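**Q** Line by line, the protein sequences are chains A and B.
As numbered in this note's numbering, residues 1 to 409 make up the first sequence, in order.
As numbered in this note's numbering, residues 1001 to 1155 make up the second sequence, in order.
If you're looking for bench data, these hints aren't it; they were derived computationally from the structure.
It is possible that some hints are incorrect.
[Said to hold, decoys possible] Derived BS3-like pairs: lysine-lysine, alpha-carbon spacing no greater than 30 Å straight-line:
#1 B:K1142 with A:K128
#2 A:K252 with B:K1003
#3 B:K1003 with B:K1034
#4 A:K93 with A:K275
#5 A:K128 with B:K1147
#6 A:K275 with A:K252
#7 A:K252 with B:K1085
Fair warning: this is a prediction, and the values are worked out from it, not measured in the lab.
The chain contents come next:
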Amino acid sequence: MEKILSDYLKNKFPTDEFLTDETDENNLSNLSNPSGNIPDTMVDKVGAEEFLINMGPQHPSTHGVCRLLLKMDGEVIVDVVPYIGYLHRSMEKIAENRTYLQYMPLTDRIDYVSAMFCNHVFCLAVEKLAQIQVPERAEYVRVIMDELNRIASHLIWLGTFALDLGAITPFLYCFREREKILDLLEMVSGQRMTFNYMRFGGVSRDLPPVFIPKAKEFVQYFKPRVDEYEDILTNNPIFLGRTKGVGILDQKTAIDYSVTGPNLRASGLRWDLRKEEPYSIYDRFEFDVPAGTNSDVWDRYMVRIQEMRQANRIVEQALESIPEGEIKTKTPTVFRPPKGEVYARIESTRGEMGFYIVSDGSTIPYRIKLRTASFSNLAVLPVMSRGWKIADIVAIFASLDVIMPDVDR
Amino acid sequence: MTKEEIIQIFQNKFPERIEQIPFVGVDVAFKVDKDLILEVCRFAKATPELSFDLLACLSCVDYIDHMELVYNLFSFTHKHKIAIKTSLPRDGEIDSVTPVWNAANWHEREIAELFGMTFRNHPDPRPILLAEDWNEGYPMRKNWDGKDFVRLPKK
């Protein structure tokens, strides 16, 4: 690697005017560490006017710890290489050393801004494998929690996305509403973000009596708030200039890279697992699946705005029709699912979230593979950002709604 | 399309090479020989009646004496999903399916790094998740023993 870099530098500075041998070596050691593995395509074909620039890992716009190495031609991006793994905690290895229930709190940490989905998909996979029936009330509670969490997650996305583009006001608005949701979720689960709320066969505790009136109040309160965000952003000329026609991800590429969720829907494919493969009780609610037409950053923004409205609609319907009854099917204290394999998936905030579990019939899972949406969504970034200006990479990256612990696991 | 029809299409194309296996949560699951994997994947994507255009998940499982790769495929057109399994020896080699789905690129890099197998013709075989100076072997293997790693006894 050092050789490639030194060749590259020699090409760049053929007269050795700036680099004596000693400084050359010093510079090289700085450059190759800690970056190390630069793909050959990145340095092999560097043209006369091209240069490499580093973004991250500690950068306010990378929403976590992600490093991007950009190959630039002037202000235009020629190529991008994402470096991930800074938050790799090896969730999959830890799973092989915990009982099923002990793993539940850890699933919250996979995607900490929409932790309910991680809980839900893990429960769903185990329930499928062990054929556990979930009581109706518990299903309603799960849907309410999921959709409230979806709104909270989209709000944090909207706020930081606008912040990345230079608009500070939406951030404050979004966090005002998000805090109300987190209060509701805390009322139910005891935690603001890492809930550890769902259990195999139901949920851990029933809704407190004050929850339903409070949640109904919130639903009504939230409806006009979305219009407020739209007033600030949707027709704002600066916002339009930064987002319209930028970072186009066509449908074919999106499917090829397994991009799912709002990013895929913004590419024009009206695909939502809640509609197409209804898990839990999503077939009982009326809601629309928004989709984009131009597959640009603005469409991805619009899809998420619409999704917040639809999620709010689902919560409203669920709160109206939630029945009384049991909240959990009894499962054995020492829980041993039967031998077998299962793949379960749900529509999380960021797309398809899947759990692949191999059980050998003991109390500990033999293997758990986490299929997270952000991992696949981030892989498409280089394709999307080629040819755009360096300022656009911030908008494009933010519009993917990637969250780094979800990527690294 | 029913489960039987899906498996029948594969069996017609690859006679006596397809072995159906139980798998919860998918329509059909079967096992193929590791040398066939690229061909089977190409066929699954290109055949109009199947058109598996989404590689939903690619996982690896270590069974001590051999490794197993699991390809979870899904079709947006027909809304059916299958799992294809293949087994190979530890430290084995297998064809990369990146030419079929670009999504396999990162998944294969992850598996290569954590399980220590090789993907032939992979376009970008760099490590992906672990630290740059990692030298403690392949952590996802069942017999891996890292510093301070305590195994929970099995019951």
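**Q** If a hint holds in the structure, say so; if it doesn't, say that too.
**A** Hints, verified against the model:
no.: 1; hint: B:K1142 with A:K128; verdict: holds, 25 Å
no.: 2; hint: A:K252 with B:K1003; verdict: holds, 27 Å
no.: 3; hint: B:K1003 with B:K1034; verdict: holds, 23 Å
no.: 4; hint: A:K93 with A:K275; verdict: violated, 33 Å
no.: 5; hint: A:K128 with B:K1147; verdict: violated, 36 Å
no.: 6; hint: A:K275 with A:K252; verdict: holds, 21 Å
no.: 7; hint: A:K252 with B:K1085; verdict: holds, 26 Å
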